Amino acid sequence: MAKTKTKERGSITKVRGIIQRMFLFVTVLLGLRHVMPGRESTGGAFDAFCPMGGIETFFHYVTTGHTLKTTNLLNFAILIGVLGVSLLSGRSFCGWMCPLGTLQDMFAGWARRLSGGSKRHIRGKRRKAKFPIELPPKVDKWARYLKYLILLVVLIASVQAIYPPLHKICPARAVFSFQLTPLLASVLLTFIFTSMLIKRFWCKYLCPLGAALAIFNKIAPLRVTIDNRKCTDCGRCDTECPMGIEAIPENMRNLECIQCLECVETCAIEDTVVLKLG
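Using this note's numbering, you'd call the opening residue of the sequence shown number 1 and step up by one each time.
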């Protein structure tokens with residue numbers, strides 16, 4: 001008989017939370033750095049530090065030898081770093097480092113607690129909350145293709161662009177530039193609302209960077225595996241997954257997985273859902 005044990009939020013959640021907040025803190029500092037008194041305010045307050053900027057300016061740089069406005073070669077350096085992490089561990093950048101992902105997790109947690117849900121598992125169960133909700137399966141399935149369409153449009157538009165195609169509507173700029181236009185304010189409010197309504201809404205349906213990194217889930221050697229012989233089909237891992245992925249063997253290289261390891265952390269059966277190299 002498989003050895004069982006009840007798990008509360010453990011070491012993985014704590015370490016991930018620390019790393020997420022470190023990257024969020026640094027990102028906030030980078031945004032503030034450009035708007036503090038005594039410094040020239042520039043439109044690239046956040047753009048120059050965003051890996052998506054490297055993707056947006058790539059084709060323009062290849063064809064003209066120049067980067068798009070508000071981006072520079074630093075975008076390429078950061079993008080290379082993100083790609084290196086992705087080669088090893090898939091979309092782990094989304095689950096551990098992306099500041100927008102961290103904010104979405106925070107907003108979803110607030111929504112859950114404000115709507116009556118519990119913060120932690122209690123004897124293997126979480127008190128049910130009204131929010132966040134999930135889209136109907138068929139709608140959810142097709143909506144997830146939107147981010148790939150957005151990525152394609154961005155790549156095509158970037159060839160003849162002057163500014164990054166997402167410059168005026170990027171939620172990262174809305175959150176971290178601290179220079180809100182009416183349009184960016186609308187983007188910010190929409191980002192907060194959708195994050196509280198549906199877990200990882202931006203990541204699931206709209207993020208072009210997540211779309212670009214998704215393919216690495218198929219080749220990265222560091223990945224989550226599940227032992228079906230020990231699994232009791234309790235459903236805890238499915239409930240906790242912020243990306244709404246069913247934890248079955250054929251889904252362990254799912255393009256949507258952000259390697260957050262919530263499934264590993266929440267599983268009540270030892271050595272059933274684990275992170276492995278190879």
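No wet-lab data here; the hints were simulated from the structure. Take the hints with a grain of salt, since some may be wrong.
Pairs of lysine-lysine residues, derived as DSS-like cross-links and limited to a Cα-Cα distance of at most 25 Å, are as follows [to be verified]:
id: 1; residue 1: K218; residue 2: K69
id: 2; residue 1: K69; residue 2: K138
id: 3; residue 1: K168; residue 2: K230
id: 4; residue 1: K130; residue 2: K218
id: 5; residue 1: K276; residue 2: K69
id: 6; residue 1: K141; residue 2: K218
id: 7; residue 1: K130; residue 2: K141
The model shown is predicted, which means the values in this text are computed figures rather than measured ones.
Verification of the hints:
The suggested pairing of K218 with K69 is violated, with an alpha-carbon distance near 34 Å, which exceeds 25 Å. The suggested pairing of K69 with K138 is violated, with an alpha-carbon distance near 39 Å, which exceeds 25 Å. The hinted pair formed by K168 and K230 fails the criterion: a straight-line CA distance of about 49 Å is larger than 25 Å. A distance of roughly 34 Å separates the Cα atoms of K130 and K218; the hinted pair therefore is violated under the 25 Å criterion.
For the hint pairing K276 with K69, the CA-to-CA distance comes to about 42 Å; that exceeds 25 Å, so the pair is violated. A C-alpha spacing of about 19 Å is found between K141 and K218, which places the hinted pair at or below 25 Å, so the restraint holds. Proximity of K130 to K141 is assessed by CA-CA distance (about 22 Å); at most 25 Å being required, the pair is judged to hold.
Of the numbered hints listed earlier, those contradicted by the structure are 1, 2, 3, 4, 5.
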